Amino acid sequence: MSETRLSVIVVDDEEPARLLLREYLSAHQDIDVTAECANGFEAVKAITERRPDLLLLDVQMPKLDGFEVLELVGGGITVIFITAYDSYAIRAFDVHAVDYLLKPFSAERFDEALSRARARMRSHDTRPLPVADLVSSSRPRRGPLERLLIRDRGEVHVVPVAKIDYIESQDDYVAVKTGGKSYLKEQTLADLEALLDGTRFVRIHRRFILNVARLAKIEQSVTESRLAILADGTELPISKTGYARLKELL
Amino acid sequence: MYLVGWLPISLFVMGGLGHLGQGRPWTTAAAFFLPLTSVYAFVCLSAWYVCRVFPIEAGGRASRAAGVHLIAGAMTSAIWVTLAEGWAATLDALTPGFGAMALHAEQRSLLFVVGVLLFWLVAVLHYLLIAFQASRDAETRALELTVLAREAELRALRAQIDPHFLFNSLNSISALTSSDPSAARRMCLLLGDFLRATLRLGASSRISLSDEFDLAERFLSIERVRLGPRLIVSREADEASRACLVPALLLQPLVENAVVHGIAHLLEGGTVRMAATRVDSVLTISMENPCDPDRPRRGAPGIGLDLLRKRVATQFGEDGAVRIDESSGRFRVEVRIPAVTGA
Chain A
1 MSETRLSVIV
11 VDDEEPARLL
21 LREYLSAHQD
31 IDVTAECANG
41 FEAVKAITER
51 RPDLLLLDVQ
61 MPKLDGFEVL
71 ELVGGGITVI
81 FITAYDSYAI
91 RAFDVHAVDY
101 LLKPFSAERF
111 DEALSRARAR
121 MRSHDTRPLP
131 VADLVSSSRP
141 RRGPLERLLI
151 RDRGEVHVVP
161 VAKIDYIESQ
171 DDYVAVKTGG
181 KSYLKEQTLA
191 DLEALLDGTR
201 FVRIHRRFIL
211 NVARLAKIEQ
221 SVTESRLAIL
231 ADGTELPISK
241 TGYARLKELL
Chain B
251 MYLVGWLPIS
261 LFVMGGLGHL
271 GQGRPWTTAA
281 AFFLPLTSVY
291 AFVCLSAWYV
301 CRVFPIEAGG
311 RASRAAGVHL
321 IAGAMTSAIW
331 VTLAEGWAAT
341 LDALTPGFGA
351 MALHAEQRSL
361 LFVVGVLLFW
371 LVAVLHYLLI
381 AFQASRDAET
391 RALELTVLAR
401 EAELRALRAQ
411 IDPHFLFNSL
421 NSISALTSSD
431 PSAARRMCLL
441 LGDFLRATLR
451 LGASSRISLS
461 DEFDLAERFL
471 SIERVRLGPR
481 LIVSREADEA
491 SRACLVPALL
501 LQPLVENAVV
511 HGIAHLLEGG
521 TVRMAATRVD
531 SVLTISMENP
541 CDPDRPRRGA
551 PGIGLDLLRK
561 RVATQFGEDG
571 AVRIDESSGR
581 FRVEVRIPAV
591 TGA
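Protein chains in written order, with this note's numbering: chain A, 1 to 250; chain B, 251 to 593.
You may find that some hints are simply not true.
Restraint ranges, calculated between C-beta atoms of paired labels, are given here [claimed, not checked]:
hint, chain 1, residue 1, chain 2, residue 2, range
1, B, 390, A, 102, 26 to 32 Å
2, B, 379, A, 250, 54 to 60 Å
3, A, 109, B, 442, 24 to 30 Å
4, B, 563, A, 75, 31 to 37 Å
5, B, 464, A, 109, 32 to 38 Å
6, A, 109, B, 435, 51 to 57 Å
7, A, 4, B, 435, 54 to 60 Å
8, A, 152, B, 488, 32 to 38 Å
9, B, 384, A, 231, 55 to 61 Å
10, B, 298, A, 87, 52 to 58 Å
Treat the hints as calculated values from the structure; they're not laboratory data. Keep in mind that this is a model prediction, so the values were computed, not measured. Beta carbons are placed, not taken as given, at the ideal position from N, Cα and C, and that holds for glycine.
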């Protein structure tokens, strides 16, 4: 059974829940629990440092939920979700979770999830389960992004979209400007544009997305081009198509 | 139905008017009056529109409706009399010596009066029908409202306990059974007490404020097993407020929100403060907890708060008030209701 040892990180904000997982895991000799985390921030740090083989992940936690943790640490990790809420199941399979355990669950059910994870790892198969294809085609799109997750210089920032002033494209990165601060995120402006609420954020220029709530006035400069003046005095260029988009919204 | 109702009327018109023209055979009267009254039966249906446009309401519009009906009746009857004249001429032309024209000439003015009276009769019947329908509609609406209210109450009761609270609690018990059996047993007892209390209490029952606070505290102590030292509870109720009666489980949506949308999102946790004061005839209850202003807004806390607002509104009307404040990381709900103590 034990070909190689398996490193596991347990993430749950509830002490009794971690206790239970530790107990269920203790029955398996080939498993090393390398970290136990009580919140999303700890989890992101621990996962990045130790790259475990398997992640046992709670969904509802302070600051960062389980899905946000996964988004920040990137793919390639085998995950078993553990939660009291069955409503996250479809999303869990969307992010290629091996299994989805509903609290409370038995040791037998846990072992089943574990062997499923082992099988997945042996086959080095990171493709989504067939069920994911089935559900994702019939699944309604989730609403626009509410919070932006940014890992900048080893730190995790959670920025509610309402606090964003504007976003500037910088090659493969975007600079998210909020209240005088700037965070770099590895994403293209077009990708981000698609995720944001189109009634609140407008691509005013090839290089800029503007939070419309921050717009103070539009200035016509000498040439054909226009300038957006933000509430804090920042000036951003507006392209012709950008102006058309802005006008349509206002 | 309507036409059957007209049958005696036409017989009456035929008998009355036909008889007055003495010596004329019944066949003449029947041939003349029967088609005439049946046509008028249809004509009078038009009174329905007049009745609909000029309803008799509680405030002074009746005189206008009466005037309209006076004119409408006269006009309709005049048309009828003209029709009768044409009909009599046609009958006489078809059967020479039939005598319909002579009959009509004699009874023309009487026919006009009968026509007006019949129009009014139909109008009155229409008004009665409208009134009857209106009262039936009102009854149905009232019934619908009570059914809705009862449904809302049932839904409220079901929604009061979040099933995920149970799943999470069971998971905690499952964890504690091997590591700390006596803690597991304590949790079972707490859970049992709490569930029994919530099942026993209906949406309409009232309990004392201190009992309500006890229930809230019991719920929070169950959640404390799960959340650990992150969850702290404080309770302050002045002497005068403790015996006041409140709708049972009024605060349940608030304590659930305080945990699910408040404490559970905070790394360091915080204190859920319940407080109550009574000033004269007003009882003020407040629930306050720290919260993360940047928390994700899914699973809206709005449902629980809506429930609370509805209950306060239906049970206390104008005398109840719910105020919700969220500012700089604190969430506070204040409920004000009339202070009533059990007799």
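Each hint, compared with the structure:
1. Between residue 390/B and residue 102/A the beta carbon distance is about 45 Å. The supplied range of 26 to 32 Å is therefore violated.
2. Taking 54 to 60 Å as the suggested C-beta distance range, the pair residue 379/B and residue 250/A conforms, at roughly 55 Å.
3. At about 25 Å, the beta-carbon gap between residue 109/A and residue 442/B stays in the expected band of 24 to 30 Å.
4. Checked against the given bound of 31 to 37 Å, the beta carbons of residue 563/B and residue 75/A, roughly 50 Å apart, lie outside it.
5. Between residue 464/B and residue 109/A the beta carbon distance is about 37 Å. The supplied range of 32 to 38 Å therefore holds.
6. Restraint check, residue 109/A to residue 435/B: a C-beta distance of roughly 24 Å breaks the suggested window 51 to 57 Å.
7. Between residue 4/A and residue 435/B the beta carbons are some 41 Å apart, a value that contradicts the proposed interval 54 to 60 Å.
8. For residue 152/A and residue 488/B, the Cβ-Cβ distance of about 50 Å falls outside the hinted range of 32 to 38 Å, so the restraint is violated.
9. Between residue 384/B and residue 231/A the Cβ separation comes to about 57 Å, which falls inside the hinted range of 55 to 61 Å.
10. Against the hinted window of 52 to 58 Å, the Cβ-Cβ separation of residue 298/B and residue 87/A comes to about 55 Å, which satisfies the hint.
Of the numbered hints stated above, those contradicted by the structure are hints 1, 4, 6, 7, 8, listed in ascending order.
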